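J.: So you can see what is in the structure, the chains are spelled out below.
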Amino acid sequence: MAYEGNVDENLICPICRVALVAPVITNCDHVFCQKCLVQAHALNPVCPVDRQPLLKLSSETRPAPKVVANQLDNLTVRCPNRPRGCDLVVARSLVENHVSRYCDKTLVPCPHPSCDKTIARKDVAKGCLHYEVDCEFCGQPVQKAGLETHQDMECLNRKTNCELCDWEFVRSKQEEHTKECPEVEVTCRFAPFGCNHKMSRRRLEQHCAGCEYRVVGPVGEQLAELRAEMTALKEKDRLKDRRIKFLENRGYSAPAATENISNMNLPAQETAPYESRDQYFLSLFETMESKVERLSSALTEVEGRHSMMLFNETMPIKDQLTEIRSTLGVLGMHVRWLMNFRLQERGRVLGGGGGGTNSPSLPGTSQESSSDSNLPRRLSDTMREHPPRL
Amino acid sequence: MGAKIPRNFRLLEELEKGEKGLGTEACSFGLADSSDMLMSDWNGTILGPPHSVFENRIYGLKMHCGEQYPDQPPTIQFIHKIILPCVEEADGKVIPSKLPCLANWKRENTMETILIELRRFMASSQCKKIPQPPEGTTYN
Amino acid sequence: MALPKRIVKETERLMSEPVPGISAVPHEDNLRYFDVEIHGPSGSPYEGEPPDNLRLRAANYMHTPFRGVFKLELFLTDDYPMVPPKIRFLTKIYHPNVDKLGRICLDVLKNNWSPALQIRTILLSIQALLGAPNPDDPLAADVAKDWKEDENRAIATAKEWTSKYAVPESK
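Chain order of the listed sequences is F, V and Z. Position one of the first sequence corresponds to residue 1 (full-length UniProt numbering), numbered consecutively onward. Position one of the second sequence corresponds to residue 1 (full-length UniProt numbering), numbered consecutively onward. Position one of the third sequence corresponds to residue 1 (full-length UniProt numbering), numbered consecutively onward.
Here chain F stands alone, though its shape is the one from the complex (with noise of 0.2 Å):
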C-alpha cells in the first residue's frame, strides 16, 4: 500500500515500520499492527518496544483508541492498481472498498471455466482473452488481456508524444518526425552560403527572413540551378557524341559489305567511348580513310554509270547517222542519174534539136540543178568533214 505523502511517525507500526493496519495497544501502551503483534509474540512473549511480558495477548491487549484508527482511515493512499493504469488517491478506509468492488483494473479470476489466469475487471464481459493476438501496430503476438498494456507501454508503433513539440506520432517513426519536428535544431537554410546560425525549426523561417546571406541565397539557388543545368546539358552532349559516332561507323559499314555488317558494326560499338586520346585520333583516322575508300569506290560507280549511260545514248545516234548516211547515197546515185539523164537529153537537143519547147530553160535549169546538186554534195562533205563526235 502505497500513502501518499509521509506518514506521522506515530501511526507507524514499530515492527512492519508503515502506518498501522488495525492496531492494538498493550497494556503497556505500545501500539501495533494486530498482525504484527501476534507473529512477534509467537516467537518471543513480551512487548517487542520494551520487554514487558504479554503472556496472554487477548488479556493483555486491546484495539488501540478510536482516534487512532480514525486518523489512520484518513491518511489517503494510491489505489493498489495504480501500475495497471488506475490512479486513485483516496482515503485508506475507502480504498478496500474501491478496489474490491469499483476499480476496473482489479484483476479477477478469467471467467472461462478452464482458464486459470486472472483478467481486470472491465475485461471480463469479454470472455476469456488469454489467447495471443498479433499487436496491430507492432505485429508481434501478445496475450489479448495485455495487449493494452503493451501497447501502452513497450509497442514501438504505438503513438507517442515528442519530447520537444508535444506532437503525436508513431514510436517507430521518431527518425521521420525528428526530421520535421519545429522545435528540433536546424541549421540555417543559407548555410551553405556561409551562415552559422542554429536554430529550432520553427523559428527557421523567421531567422531566414532577416539572415545576412539572404541576399546571397537567391544567387546563389540559381547558380546551383545553372550549374545543375550544365552538367545535365553536358552530359547529354557527350551521349550524342557517341550516338552520331556509333552512326557513323554504321553508315558506312553497312553499304560496303552486307556479309561484314557484324563485323564492322562490332569495333565500333566497342570503340564507343574512347579509353585514350590515342585511341580516339585512331579512330578518327579509322573513319577518314573507310570515308575515303567509300568515295573512290562511289566515284568508280559513278564513273561507270556515265560511260554506260553515253554508251547506251550515243549508240542511237550511230545507227541514225549511217542510216542517214546510206540514204544519202542513195539520194546521191539518184541525184547523179537524174543529172546523167538530163545531160543525155541535152546533148540529143544540142545534137538532133530534139524537143526545143523547153530547151532555151534547160542548160539554165540544168546548170541551176548541178549546181542545186552541189549543195547538197557540199552539204553532205560537210556532213562528212565534219562527222559527229562519239
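Worth flagging that the hints you see were computed from the coordinates, not collected in a lab. Don't take every hint at face value.
[Claimed, not checked] Label pairs and their in silico Cβ distance ranges: (1) F:D50 with V:Q77: 24 to 30 Å; (2) V:Q77 with Z:N111: 36 to 42 Å; (3) V:D71 with Z:K110: 27 to 33 Å; (4) F:V68 with Z:N111: 53 to 59 Å.
[To be verified] Calculated lysine-lysine pairs in the DSBU-like style (CA-CA distance at most 30 Å, straight line): (5) Z:K110 with F:K56; (6) V:K20 with V:K93; (7) V:K106 with V:K62; (8) Z:K148 with V:K62; (9) F:K234 with F:K245; (10) Z:K100 with V:K4; (11) V:K20 with Z:K148; (12) Z:K9 with F:K35; (13) V:K20 with Z:K9.
Owing to the predicted nature of the structure, the values given are computational and were not obtained by experimental measurement. Ideal Cβ placement from N, Cα and C applies to all residues, glycine included.
Assemble chains V and Z onto chain F, guided by the hints.
T.: Same frame as chain F, now just chains V and Z:
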C-alpha cells in the same frame, strides 16, 4: 524464491550445524582453521558404510569452498587412499562430473549433502566390493 | 520476491540519515546483504591511534577523527524482522564477545531480539559493545580469560589488533 543467503552466512550456518553435530553421525565436518575469517578450507570425515569393503574405516577429506560458493560447488579431495569410480586415483580428488550432486550442483546443496552422497556411493553395489588399499594410507 | 517495505524504508533511512560512525550499504545484487563499517567508540581500545603524526595531520585536515574502522557484514533473512539480522565482523578484533570468525555474542542478536529493533539500533548496540566489553558473557573464551586475568594487557592487545587490522582502506 526467498532471500539469497550470502556465502559467509551460509558457511556459518553449515559450521553451526557441524559443530552442534546435528548432521548424521556417519559424516562430520568442520573448519580446517577455526580462525580463518574466509572459511574456505574444511575437513570432513566419512565413516565407511557397513557391509562393504569400507566398513569400520574412517576416511578424511579436504573441502575447499571458493568465493562463489554456494553458487559453485566446493572442491573435494580424499586424504585417505580410496578406490572409487568418482575419485581420481592419483591424488584422491573427487571428479565432479561423476558425482551427481556435484555435476548437478544446486545452491541448496551443502557440504554435508556431498559427504552423505559420497558415503551412499561407497555403499552402492557397484563400489562396495572394490578392493581397497591398506587402511590409513594417505595420498600425501 | 519483492523486498518488504520495512527493509526498503530502513535502507532508505540508513542512507539519508546515517548514524554517526556507522555506515551500512546494501549489495547491489542482494538488497538484504549489507556491508557495514563501525568506527570504534572514542575512549575504547578500538578507537584506533594514528600510526604517525603525518596521518594525524591528514586526518585533522580532513575533519575526520582517525579511528579504528571495523568491517562487518549483515544479512536480513526471510523472517526478518521476526528474527534478528545475521551479523558478523569481517575485521579481526580482540574482544571477549567476538569469536575468531567474527561472530558476536550480544543479547539483542539472540534471545532479546525484538521486531521493533532495527538495523541501526543493532549496529548502535554493537558499537556500544565495543565500548563496553563484557567478559562475563564471553564468546571467545581465551580472550575473556585474558581480559579477566590482566585487563590492561588485554586492552593493550585490543589496541594492537585495532591498529593492525582495523585500518581504514586508503581511498
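J.: All the hints need checking, so say for each whether the structure fits it.
T.: Hints and how they fare:
Checked against the hint of 24 to 30 Å, the pair D50 (chain F) and Q77 (chain V) fails, with Cβ atoms roughly 54 Å apart. For the pair Q77 (chain V) and N111 (chain Z), the beta carbons lie near 40 Å from each other, so the given range of 36 to 42 Å is met. Distance hint for D71 (chain V) and K110 (chain Z): a CB-CB separation of about 29 Å, consistent with the stated range 27 to 33 Å. The supplied range of 53 to 59 Å is broken by V68 (chain F) and N111 (chain Z), whose beta-carbon atoms lie about 31 Å from each other.
Between the alpha carbons of K110 (chain Z) and K56 (chain F) the distance comes to roughly 23 Å, so the proposed pair stays at or under 30 Å and holds. A hinted pair counts as satisfied when its Cα atoms are at most 30 Å apart, and K20 (chain V) with K93 (chain V) qualifies at roughly 28 Å. For a cut-off of 30 Å, the pair hint linking K106 (chain V) to K62 (chain V) stands: about 20 Å separates their Cα positions. Between the alpha carbons of K148 (chain Z) and K62 (chain V) the distance comes to roughly 37 Å, so the proposed pair goes past 30 Å and is violated.
Simply put, K234 (chain F) and K245 (chain F) have alpha-carbon atoms about 17 Å apart, close enough for the 30 Å limit, and the pair holds. Annotation: proposed proximity of K100 (chain Z) to K4 (chain V) holds, straight-line Cα distance about 25 Å (limit 30 Å). For the hint pairing K20 (chain V) with K148 (chain Z), the CA-to-CA distance comes to about 28 Å; that is within 30 Å, so the pair holds. About 19 Å separates the Cα atoms of K9 (chain Z) and K35 (chain F), which keeps this hinted pair within 30 Å; it holds.
The suggested pairing of K20 (chain V) with K9 (chain Z) is violated, with an alpha-carbon distance near 36 Å, which exceeds 30 Å.
In this structure, the hints that do not hold are numbers 1, 4, 8 and 13, in rising order.
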